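Here the structure of chain Z is known, so what remains is to put chain F in place on it, guided by the hints.
Residue numbers (the numbering used here), protein chains in the order written: chain Z, 26 to 142; chain F, 3 to 117.
Keep in mind that the hints were calculated from the coordinates and are not lab data. Remember, predicted model here, so these are calculated numbers, not experimental data. Every residue gets a Cβ at the ideal spot worked out from N, C-alpha and C, and that includes glycine. Just so you know, not all the hints are guaranteed correct.
Pulled a few chain Z residues facing chain F out of the computed Cβ check, cut under 7 Å [stated by the list, open to error]:
#: 1; residue: T63
#: 2; residue: Q66
#: 3; residue: G67
#: 4; residue: F70
#: 5; residue: Y73
#: 6; residue: A78
#: 7; residue: E81
#: 8; residue: F90
#: 9; residue: E93
#: 10; residue: P95
#: 11; residue: G97
Calculated Cβ distances over 10 Å to all of chain F for the following chain Z residues [to be verified]:
#: 12; residue: P33
#: 13; residue: I37
#: 14; residue: T38
#: 15; residue: R40
#: 16; residue: E53
#: 17; residue: N55
#: 18; residue: E77
#: 19; residue: L86
#: 20; residue: D88
#: 21; residue: K96
#: 22; residue: Q105
#: 23; residue: L116
#: 24; residue: T130
#: 25; residue: I131
#: 26; residue: G134
#: 27; residue: E135
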Amino acid sequence: DTGVSQDPRHKITKRGQNVTFRCDPISEHNRLYWYRQTLGQGPEFLTYFQNEAQLEKSRLLSDRFSAERPKGSFSTLEIQRTEQGDSAMYLCASGGGFQDFSGNTIYFGEGSWLTVV
Amino acid sequence: KQEVTQIPAALSVPEGENLVLNCSFTDSAIYNLQWFRQDPGKGLTSLLLIQSSQREQTSGRLNASLDKSSGRSTLYIAASQPGDSATYLCAVRDISSGSARQLTFGSGTQLTVLP
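With the rest of the complex left out, here is chain Z (with noise of 0.2 Å):
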């Protein structure tokens, strides 16, 4: 499998519980994000990984959320206390290299899905 994987595809989670996502990029991909998508808008960032150092976070990514790539390959996003404006779809992209950007694409999981009832 040569593309980005994301675990689980669902997840439906009461209020106040926690809930933790991986996403598996493209092997030799060093670059790693995290974006979030709410029904019938365009996903926005939340935070970037270059190999296992987390370089940006936005200003969405409150502090109950967590993020980590702890070998630089895998990732995982946690989120503690869910409230129900978690409820988003969660959205993972990888890209190789980072001298040039101007011909580097990025390539998307298919997402995982959260319903905080």
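Here is chain F on its own, set in the frame of chain Z:
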């Protein structure tokens, strides 16, 4: 802060028609612009990437143009088919977006091609 707008929000056309989707962005200092397709409940599939130095890119029945100075891009779909029904998203990669060089997306155009 970069803002990306897509018009129309939804479009319904009969099969066989040629159509144009529009995208505008407020900050012309970009590395590139990408068009993505998203099927319901699915992730994003990259369709075309136009570098800032390019004017257009073509792939099959799709042609994307970029006018960086005016902050506009169009996606032209020729001879539309029901299988083209999806949401089409435009995204730009800003020069000013820090080391992440993350994409800024529009809200998409939901296209329905009627058989």
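**Message:** Of all the hints numbered above, which does this structure not satisfy? Sort the numbers upward.
**Reply:** Failing hints, ascending: 1, 6, 8, 9, 10, 11, 23, 24, 25, 26 and 27.
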